[in-house]
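> Chains as they are written, first to last, in my numbering: chain A, 79 to 464; chain B, 79 to 464.
Be a bit skeptical, because a hint or two may be false.
One copy or two, either will do: identical chains are not told apart, so a pair holds if it fits within one copy or between any two.
Unchecked claim - List time: in silico DSSO-like cross-link candidates among lysine-lysine, alpha-carbon distance up to 30 angstroms:
no.: 1; residue 1: K106; residue 2: K127
no.: 2; residue 1: K94; residue 2: K204
no.: 3; residue 1: K109; residue 2: K120
no.: 4; residue 1: K308; residue 2: K381
no.: 5; residue 1: K106; residue 2: K160
no.: 6; residue 1: K201; residue 2: K449
no.: 7; residue 1: K106; residue 2: K207
no.: 8; residue 1: K106; residue 2: K201
no.: 9; residue 1: K99; residue 2: K204
no.: 10; residue 1: K201; residue 2: K236
no.: 11; residue 1: K108; residue 2: K204
The set of hints was computed from the structure by calculation and includes no laboratory data.
2 protein chains.
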Amino acid sequence: MKNFEYYNPVDVHFGKDSVEKIAQLIPKDKKILFTYGTDSIKKSRLYEKIKTLLMGHNLVEFGGIESNPDYTTCMTAVEVAKKEGVDFILSVGGGSVLDASKFIAAAIHFEGGDPWELLKNKKSVKVKKAVPIGCVLTLPAAGSEMNGYSVISRRDTKEKLAFGSRYLHPLFSILDPVLTFTLTKEQTANGIVDAFVHVFEQYMTHHGEGPLQDRMSEGIIKTLIEEAPKVMTDPDDYDSRANVMWCATMALNGLIGSGVPQDWTTHMIGHELTAMYGMDHARSLAIILPSVIARQMDSKFEKFVQYGRRVWHITTEDKRVAFRETWQKNTDFLRSLGMLTRFSEQGITNENFDEIAERIVKRGEKLGENKDIGKNEILEILYKSL
Amino acid sequence: MKNFEYYNPVDVHFGKDSVEKIAQLIPKDKKILFTYGTDSIKKSRLYEKIKTLLMGHNLVEFGGIESNPDYTTCMTAVEVAKKEGVDFILSVGGGSVLDASKFIAAAIHFEGGDPWELLKNKKSVKVKKAVPIGCVLTLPAAGSEMNGYSVISRRDTKEKLAFGSRYLHPLFSILDPVLTFTLTKEQTANGIVDAFVHVFEQYMTHHGEGPLQDRMSEGIIKTLIEEAPKVMTDPDDYDSRANVMWCATMALNGLIGSGVPQDWTTHMIGHELTAMYGMDHARSLAIILPSVIARQMDSKFEKFVQYGRRVWHITTEDKRVAFRETWQKNTDFLRSLGMLTRFSEQGITNENFDEIAERIVKRGEKLGENKDIGKNEILEILYKSL
Numbered sequence: 079m080k081n082f083e084y085y086n087p088v089d090v091h092f093g094k095d096s097v098e099k100i101a102q103l104i105p106k107d108k109k110i111l112f113t114y115g116t117d118s119i120k121k122s123r124l125y126e127k128i129k130t131l132l133m134g135h136n137l138v139e140f141g142g143i144e145s146n147p148d149y150t151t152c153m154t155a156v157e158v159a160k161k162e163g164v165d166f167i168l169s170v171g172g173g174s175v176l177d178a179s180k181f182i183a184a185a186i187h188f189e190g191g192d193p194w195e196l197l198k199n200k201k202s203v204k205v206k207k208a209v210p211i212g213c214v215l216t217l218p219a220a221g222s223e224m225n226g227y228s229v230i231s232r233r234d235t236k237e238k239l240a241f242g243s244r245y246l247h248p249l250f251s252i253l254d255p256v257l258t259f260t261l262t263k264e265q266t267a268n269g270i271v272d273a274f275v276h277v278f279e280q281y282m283t284h285h286g287e288g289p290l291q292d293r294m295s296e297g298i299i300k301t302l303i304e305e306a307p308k309v310m311t312d313p314d315d316y317d318s319r320a321n322v323m324w325c326a327t328m329a330l331n332g333l334i335g336s337g338v339p340q341d342w343t344t345h346m347i348g349h350e351l352t353a354m355y356g357m358d359h360a361r362s363l364a365i366i367l368p369s370v371i372a373r374q375m376d377s378k379f380e381k382f383v384q385y386g387r388r389v390w391h392i393t394t395e396d397k398r399v400a401f402r403e404t405w406q407k408n409t410d411f412l413r414s415l416g417m418l419t420r421f422s423e424q425g426i427t428n429e430n431f432d433e434i435a436e437r438i439v440k441r442g443e444k445l446g447e448n449k450d451i452g453k454n455e456i457l458e459i460l461y462k463s464l
Numbered sequence: 079m080k081n082f083e084y085y086n087p088v089d090v091h092f093g094k095d096s097v098e099k100i101a102q103l104i105p106k107d108k109k110i111l112f113t114y115g116t117d118s119i120k121k122s123r124l125y126e127k128i129k130t131l132l133m134g135h136n137l138v139e140f141g142g143i144e145s146n147p148d149y150t151t152c153m154t155a156v157e158v159a160k161k162e163g164v165d166f167i168l169s170v171g172g173g174s175v176l177d178a179s180k181f182i183a184a185a186i187h188f189e190g191g192d193p194w195e196l197l198k199n200k201k202s203v204k205v206k207k208a209v210p211i212g213c214v215l216t217l218p219a220a221g222s223e224m225n226g227y228s229v230i231s232r233r234d235t236k237e238k239l240a241f242g243s244r245y246l247h248p249l250f251s252i253l254d255p256v257l258t259f260t261l262t263k264e265q266t267a268n269g270i271v272d273a274f275v276h277v278f279e280q281y282m283t284h285h286g287e288g289p290l291q292d293r294m295s296e297g298i299i300k301t302l303i304e305e306a307p308k309v310m311t312d313p314d315d316y317d318s319r320a321n322v323m324w325c326a327t328m329a330l331n332g333l334i335g336s337g338v339p340q341d342w343t344t345h346m347i348g349h350e351l352t353a354m355y356g357m358d359h360a361r362s363l364a365i366i367l368p369s370v371i372a373r374q375m376d377s378k379f380e381k382f383v384q385y386g387r388r389v390w391h392i393t394t395e396d397k398r399v400a401f402r403e404t405w406q407k408n409t410d411f412l413r414s415l416g417m418l419t420r421f422s423e424q425g426i427t428n429e430n431f432d433e434i435a436e437r438i439v440k441r442g443e444k445l446g447e448n449k450d451i452g453k454n455e456i457l458e459i460l461y462k463s464l
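One chain only, chain A, in its complex shape:
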């Protein structure tokens, strides 16, 4: 096992009606920036409920945060927050609203010029202070509710970058599965795929490095595979919604990746697809993951066969055949959730592949747990997905 540090102080309140506790979780003297996305929290009456619960608290609203939250939107919120003297952010929504809130929280106190530096030069420019954040989660997917990471997009420069800090863990996260009953089938499927791929990228590397971490990862994946058809057919099934929600949180709270190698190639390329084509995040992952596995077959061979045997109960003795059978099962699972796994299915050609690969490599380090995925390998992965 590799050396690691694990620190996760998020106060998680999970379950039906947990939102009722919100007033006691935020000190009365705080001036709160209440961030949210589209009108969905108004339709579901969550907006109204929170306003009622926080009666007597000092609220400033900032709605309209888009999916793949944009730097420009965030900077507008920073201006509002500074003008109003905000000292708490309450994020109500999915990972996009929360990621935006994290950036806003860091940007309010940033003293090194343009806060974009926190993403652009994340190796040297660090968060030193941030406004505390509370979260009410409505979409299980990103895992942002129990970590200190955030991903922000810039549509003007076609960039989508991640950053993180110990100061950006939410102070609390309220996870009520009932709030996810109103998600569309597409949102539900996207969330499951996002969580699924998070686990994959911390798990599908070398064989034999962390037996407990492996089993926890396999446990999350098996549970997602088991619960996915249930929530897709019965969106009001509380237990299945709860299981999916907890899986998504556990997928990216740092535990399964502690002490083991990781390979974020799929996310790194996926982010570029979103930046380039405006493709939904989960859908960008679903198109890339199968090709990453195929391209990296040699280095991931033993681990992928273990995955097939333990998760998909593949018993075929010949490991190469078992590998192919597992690959098919894995890809079929993504497709069963409505994911397209080929560019051609979405009318995308190879036209921008070179630019995509170029954008990734010019940021420096090679990708993959062995740092062996450079421009040529990225191109191979992209072409495999055509």
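Starting from the known structure of chain A, arrange chain B on it as the hints suggest.
Just chain B, lined up with the frame of chain A:
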């Protein structure tokens, strides 16, 4: 899934040489009570190393904390700490030293008379403030390094009681597997059994309540079963030591028990055996667990069969036979670690059984996930272990 709260702010530093970071983890201006147990940290030179690393820090030593730490010892430490104006406790040792340190940390600031009230009347008397604690762990077993719980014994009244608080999570815990190389075979086995039973008591209840929690629990147990023979035959195997250490921490950091029923019957009866006979903690659990499973067969039937199928690969179709086969495998595993699973093997008769059962029931609530284990059932369990 049941509603739950999960909060665990411990800053974990895991791996070889992590102790080197200790000076930067404790603020320079703190007056530190350096707590430890027997001479083993002197023999292993850890004592010396820590003194060197903390040169320049203000240290007050308090050694000699015994296994199943005693109230009287702790109260002596509280006196020293108050006299010296201690505002940080550094616990170096296993769960006993850390549990004692937690009690000391709470007792220093306790204003309601005798701090024993925190254990005796834990439902009404709560910790409101505690001195911050840092931990260097030398024995993977109790899981105290990543939770806010503590168990303290009183030899004068033959009591062994637990209490817990959000204020008692260690600020940091340093987990270096190398520090466990010098444990005796008996200490190593005891630690594995303690962790194993911790998982069991959060897992072996109703069937179907938390599929992810189940798989995480099964993952810890499978890993312990796999690693146990390795560390027992090769005590310097770093990876196996690391896996056992991380399993023991994960077994009681609150995660696997979140959202699911729990049944701490084995620990509750085990504590009484330690208080009554001075029996080692793990050994008290090993003698009780098999009988709890046998006595509670009806309510735990489906879950125990699931455990047998998933962990021990029992394929026998007849569930009642599968149950018995699993029970045997489980008991054999405990015995493979040198545990005795019958009182008669230790020369203990039924003489004090009534008093033991009486002591538990007079504390109030019945035991078990269904609260159906009262005096008669406790006696049945004890007699099954004769």
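> Decide, hint by hint, whether the structure agrees.
Hint-by-hint comparison with the structure:
no.: 1; hint: K106 - K127; result: within (18 angstroms within a copy, 47 angstroms between copies)
no.: 2; hint: K94 - K204; result: between (37 angstroms within a copy, 27 angstroms between copies)
no.: 3; hint: K109 - K120; result: within (22 angstroms within a copy, 53 angstroms between copies)
no.: 4; hint: K308 - K381; result: both (28 angstroms within a copy, 22 angstroms between copies)
no.: 5; hint: K106 - K160; result: within (19 angstroms within a copy, 35 angstroms between copies)
no.: 6; hint: K201 - K449; result: within (17 angstroms within a copy, 54 angstroms between copies)
no.: 7; hint: K106 - K207; result: both (21 angstroms within a copy, 22 angstroms between copies)
no.: 8; hint: K106 - K201; result: between (37 angstroms within a copy, 28 angstroms between copies)
no.: 9; hint: K99 - K204; result: between (33 angstroms within a copy, 21 angstroms between copies)
no.: 10; hint: K201 - K236; result: within (21 angstroms within a copy, 57 angstroms between copies)
no.: 11; hint: K108 - K204; result: both (25 angstroms within a copy, 27 angstroms between copies)
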